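Enquirer: I would like the entire structure built from these sequences, with the hints used as guidance.
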Amino acid sequence: MTPTLSIRSLSFTRGTRSILQCVNLEARAGEIVALMGLSGSGKTTILRIIAGLDTPDAGEVTAAKAGMVFQSHYLFEHLSAIDNVTLAPIHVHRVAAGTARERAQALLDQLGVGHRAGALPRELSGGEAQRVAIARALAVDPPLLLLDEPTASLDPARKNDLGDALRALAATGRALVMTSHDDEFVRTHATRVVVLANGAVVEEGDPRQVLDHPQHPATRELLEGWWAGWGSNPRPPD
Amino acid sequence: MPVSNALFIRRLRYHPAVRLRAAWLSVILLTAPLHAQTPAPLRWGGDAEGGAPFVEADPSDPARVAGFDVEIAELIASRLGRPAKFIQVAFQSLDQSAIRGDFDIGLSGIEDIPARRQSLAASVPYYEFREVLTVREADRERYRSLASLQGRKVATLGGTLAYDLLLAAERSHGITAVSYDEDVHPYSDLAMGRVDGVVLDHVLAERAMRRNAGLVTHPDALAVGHYIVITAPENTALREQVDATLRNAMRDGALERIFRKWNVWNDDQPRLFERVLGIAGVQGDSGAAATLDTPRAVRRYLPSLFRAALITLALSCLAMALAVVLGSLIAIGRVYGGPATRSMLMVYVEVMRGTPVLLQLFVIYYGLASVIRLPAFVAALVGLGLNYAAYESEIYRSALQAVPRGQMDAARILGFSNLQTLRLVRAPQAFRLALAPMTNDFVALLKDSSLVSVITVVELTKQTQIFATNIGSWLVPGLLCAAIYLMMSLPLGYLARRLEERWRMPGQ
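If you read the protein sequences in the order shown, they are chains A and B. Each residue of the first sequence is one higher than the one before, starting from 1309 at the first, in the working numbering. Each residue of the second sequence is one higher than the one before, starting from 539 at the first, in the working numbering.
Just to be clear, a hint being listed does not mean it is correct.
Now the stretches of chain B that chain A is said to cover, found in silico as 3 or more residues with beta-carbon under 8 Å [claimed, not checked]: (1) 961-968; (2) 989-996.
Some chain A residues close to chain B (C-beta under 10 Å, calculated; not the full set) [stated by the list, open to error]: (3) 1365; (4) 1366; (5) 1387; (6) 1401; (7) 1403; (8) 1447; (9) 1448.
A few chain B residues that don't get close to chain A, going by computed Cβ distances all over 12 Å [unchecked claim]: (10) 639; (11) 812; (12) 948; (13) 952; (14) 1033.
Hints are computed from structural coordinates only; laboratory data are not their basis. Keep in mind the model is a prediction, meaning the values are calculated, not measured. Every residue gets a Cβ at the ideal spot worked out from N, C-alpha and C, and that includes glycine.
Expert: So, in structure tokens, the structure goes:
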């Protein structure tokens, strides 16, 4: 089976600063790949390149059509939740407005925010906004879903709901790539973890294996730093 | 009949010569105790924009004025044993300035009308003029009287005897009266075909015939009027002195010499002098309506004020619509365009913002008249629209740039084209950010629309001015006018606040 996402020898420079160096990455249908690394390791840049928002300097990116859920959601502030979800189906995919609305409502129901369909983004809580953002990304049925720090705006109880939802999505034949600082979440829900340090992949594999027995110093630093800061700073900065 | 137009007055007010005079005045004031025996100067008010032969800036020395009114003022001053000192006042403001005491005596082709006699101390008449009809040479036979001009436009100067005459002819002969703020453009517009006749003093008509080829003036007087000297209402003592001086000057030929020098002497004048010297207080066949008491005047003027308010409202709405459309295009060009487009649009914005809208109106209506002859309302609409487009474009540009980058990223990933992103995501959000400053601009435009009276559109402020001139007071017309402006702008502010509340953006 050909991978949904395939990245070969990817390099990216912003100004004079090298962000990514020779990164290889693959994701297949049904997989949930977690990108981990300290802030500034290049995780979000990889997502932006896969989504086509940034253009790499070198390397090869083969990706199916991607949907993306941003860390700060970027819901269209002037539209209600359901209008956020139907905008692309109606205007890009020429789906009839009625049909698009029905599907959008079904998606929102499925994600547990159906009752908030008429609310404006500024009226939604962080968790609700995230689920509307997921619904918006899924409305055009992309084979590849990118999520930037999906656990950042969630309380612990909601994290499991999100994890279950992501696994359900993967089970329908999508490939998911997410960035995360939350090793517990990754351990529980991801099928594979890729650890980045200074713009390069230093370690990858089964989450339990990699996170319980880190081989690379960068992975150890990531986990220790994480735990060391737990008391004072439960949510590390991006 | 000298006249104002705000553009020139502003220029004049800041003219170095004027400042020099102000400096000179302070020198005189400071050194006054040293020259206690020197009599106080006789300050006389007039409008140098009225031009020859009344009062004009001396071509050889623009800081000085010349004209028959200048010489009469100097004659009065010298016979009172005081030095004459010229005070520049816009023609339309002479009455109010006299009441305020900005000058001692005013003369600048000021007409003898009942309202003026009621609110000011007015001298005996010193010159008799005829109101005459000027038409194009080709229409000499066709348009011989106001009656023959039925359904046509006839121009004159606002707030004058001639304007009252035309207002009466609107009712009796079905003409359309067009009011100007100065006496040059009624004739140039006549030559150009924008109007079909001009009614004004014969002195002005003769001057205009020298300037514009192809015009002809019918000699018959539509009415007769007189020029007078005005003083503040309480200053009757000075008025008596002026009257005595004028009578003496009529007797000893000094007035005749002045009028002959300026080529305005004719057979009407000796007859006027005889009457003035025979019986005091000559009333000409002025044809002016009798002065109304205020409540009746309000009732008579209220409908025309409301009609003028409709013009103001229509003009503001249409000009704003033009400004919004054009401003949006400019803003989009400045945000999305290449370097050439961006710098071209920037030049447009800076030129329109950096020059007075009054100047732009003049250029569009009079300056471009040889290329494209726009009707006054259209010229006003285009002028205000083009000017405000520059301001709107700046608002929209910053609003577009204030929409977070992430919104555009999200749209791009969803597959929207650049145009779709602009139309569906960026512009709607920018519009909500721009709403408050836009409302401000619309209210400002509502008020700026009063400037278009300089190109003959009679809107609310102009109609108020006509009203005020007619009853000789600004108090009631001013309050009515303010109330009508508020009636138009307050609901707008309310509507804008409601929309802003509904469309509030995060962080606002």
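Enquirer: Please go over all the hints and tell whether each is borne out by the structure.
Expert: Structure-based check of all given hints:
Taking a C-beta to C-beta cut-off of 8 Å, the segment 961-968 of chain B contributes 4 residues in contact with chain A, enough for the three needed, and the coverage statement holds. Here the segment 989-996 of chain B counts 0 residues with a CB under 8 Å from a CB of chain A, which misses the bar of 3, and the coverage is violated. Hint status for residue 1365(A) relative to chain B: violated, with the closest Cβ pair at about 20 Å, above 10 Å. Of the supplied interface hints, the one on residue 1366(A) is violated, with its beta-carbon coming no nearer than about 23 Å to a beta-carbon of chain B, more than 10 Å.
Taking 10 Å as the C-beta cut-off, the interface hint given for residue 1387(A) holds, the closest approach to chain B being about 8 Å. Against a cut-off of 10 Å between C-beta atoms, the interface hint on residue 1401(A) holds, since the closest Cβ of chain B lies about 8 Å away. Proximity of residue 1403(A) to chain B is violated relative to the hint, the smallest CB-CB distance being about 12 Å (cut-off 10 Å). With its C-beta approaching chain B no nearer than about 8 Å, residue 1447(A) sits inside the 10 Å limit, and its interface hint holds.
Taken as an interface hint, residue 1448(A) checks out: its beta carbon lies about 7 Å from the nearest beta carbon of chain B, inside 10 Å. In this structure residue 639(B) is separated from chain A by more than 12 Å, as the shortest Cβ-Cβ distance comes to about 59 Å. No beta-carbon of chain A comes within 12 Å of the beta-carbon of residue 812(B); the shortest separation is about 81 Å. Residue-level check failed: residue 948(B) sits 4 Å from the nearest beta carbon of chain A, not beyond 12 Å.
Its closest Cβ contact with chain A, about 4 Å, brings residue 952(B) to no more than 12 Å, contrary to its assignment away from the interface. With 12 Å as the threshold on Cβ separation, the claim that residue 1033(B) sits away from chain A holds: the shortest Cβ distance comes to roughly 19 Å.
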